[in-house]
Structure formats: structure tokens, C-alpha cells
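There are 2 protein chains.
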Amino acid sequence: MKNIIENINKAFESRVRLGIMSILLVNHEVDFNELKDRLDLTDGNLASHISALEKLEYIIVYKEFVGKKTKTTYKVSTLGKKEFNEHLKALEKLISKK
Amino acid sequence: MKNIIENINKAFESRVRLGIMSILLVNHEVDFNELKDRLDLTDGNLASHISALEKLEYIIVYKEFVGKKTKTTYKVSTLGKKEFNEHLKALEKLISKK
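Heads up: the sequence lines are chains A and B, in that order.
Residue numbers are given in the numbering used here: position 50 of the first sequence equals residue 51, and the series is strictly consecutive.
Residue numbers are given in the numbering used here: position 67 of the second sequence equals residue 68, and the series is strictly consecutive.
One or more of the hints may lead you astray.
When chains are identical, the list treats them as one kind, so a pair holds in a single copy or across two.
[Said to hold, decoys possible] Cut-off 30 angstroms, straight-line C-alpha distance, at most; resulting in silico cross-link-like pairs (DSSO-like, lysine-lysine):
| id | residue 1 | residue 2 |
| --- | --- | --- |
| 1 | Lys70 | Lys90 |
| 2 | Lys90 | Lys69 |
| 3 | Lys70 | Lys83 |
| 4 | Lys69 | Lys83 |
| 5 | Lys69 | Lys82 |
| 6 | Lys90 | Lys76 |
| 7 | Lys90 | Lys64 |
| 8 | Lys94 | Lys69 |
| 9 | Lys11 | Lys69 |
| 10 | Lys56 | Lys70 |
| 11 | Lys94 | Lys70 |
| 12 | Lys11 | Lys70 |
| 13 | Lys90 | Lys72 |
| 14 | Lys56 | Lys94 |
| 15 | Lys83 | Lys56 |
No lab work stands behind these hints: they were computed from the structure.
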């Protein structure tokens with residue numbers, strides 16, 4: 002028998018990561034400060050979760066020059082989209098069983 | 002502006018805790034081994050999450066004698082029910098925004 006939580010992806014357990022993925026799925030491209038403001042996080046907290054999601058290849062980091070400054074933006078990857086959708090399906094299943 | 006994750010309760014972030022709470026909400030009273038089997042966990046892993054939920058007073062632990070053995074069962078508390086339902090609402094909101 003499959004247990005009810007095995008399709009819940011541990012990489013998305015934290016609410017910060019749920020928030021990052023949700024925002025990136027709705028918005029094509031988001032920068033660091035926008036994520037920080039919308040999720041009301043400190044730099045360090047956001048950076049560590051972004052780095053974890055990047056290592057898993059769930060999000061892709063783009064760095065570009067805007068004038069003399071670098072601008073860093075984030076997009077969700079195809080893999081990230083797939084994994085996050087499966088995670089949401091597992092959550093929905095768990096919620097609907099209640 | 003309220004951010005999209007602030008109503009997600011950190012106490013329920015872990016999938017193990019989501020699983021424990023879901024099972025306890027549907028079943029009136031569940032014992033340790035049943036939770037362990039249904040969530041496919043080790044004793045230590047389950048015990049640590051139960052202990053955290055008990056400290057928060059989200060679940061109540063009952064110990065009773067069955068013959069010469071003690072039997073430990075768990076129930077969700079009124080507070081636990083309330084908090085978990087709010088957590089699920091916050092998750093549903095996040096999911097539906099996607």
C-alpha cells in the first residue's frame with residue numbers, strides 16, 4: 002500500500018519554498034528583491050532556499066548587466082514545474098481525504 | 002499586504018506532521034504502530050514529530066493498560082483541529098493562485 006505522504010516532495014516542505022515556487026509559476030521571471038518583499042523574508046533566509054532549489058535544478062538563475070549593475074532573476078525549470086505540480090497533487094489528495 | 006505564506010503554519014511544514022494530523026483527523030483515536038505503518042516511518046522519526054505536536058498541544062497522548070501492557074493512543078486536540086484547518090486553508094489558497 003502506498004502511504005499518503007510519499008508523493009509529498011521534501012524539497013517543497015518549507016513554506017518559503019512553496020512561496021518561491023508559487024510566485025515563479027505565476028510570474029515568468031522574478032528578481033531577488035521582489036521575492037524578498039512578497040514573502041517578507043531576510044536576504045539570508047531567501048538566499049539559502051533559492052540555493053537549495055537551484056541545486057535541485059528546480060529553478061534557474063539568470064545574471065545580467067543592467068547598466069553597471071548586475072541583475073539576478075529566477076525562473077522555474079521544466080523539471081521544477083513537473084515536480085511542484087506533483088507535490089501539489091499529493092497535497093490536494095491529502096487535504097481531500099481529511 | 003499580507004504575504005502568501007504567512008498563514009502556513011511552520012509546525013505542519015513537514016510531510017510527516019501533515020500525515021499524522023490527517024490520519025488523526027479522520028480516525029478518532031490511533032496508536033503508535035498504526036501511525037508508523039500507515040506513514041512508513043521509523044520509531045524515532047515518528048516519536049520526534051509526535052512529541053513536537055504534543056508540546057504544541059495539537060495532539061493529546063493517552064496511556065492506558067491493556068492487560069499487563071501499556072497502550073498509547075493519540076487524538077487531535079481542539080486547538081490542533083483549528084490550527085490544522087487554517088493551515089490547509091492557507092495551502093489551498095496558495096495552490097489555487099498557481
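Violating hint indices (sorted, rising): 1, 2, 3, 4, 5, 7, 8, 9, 11, 12, 13
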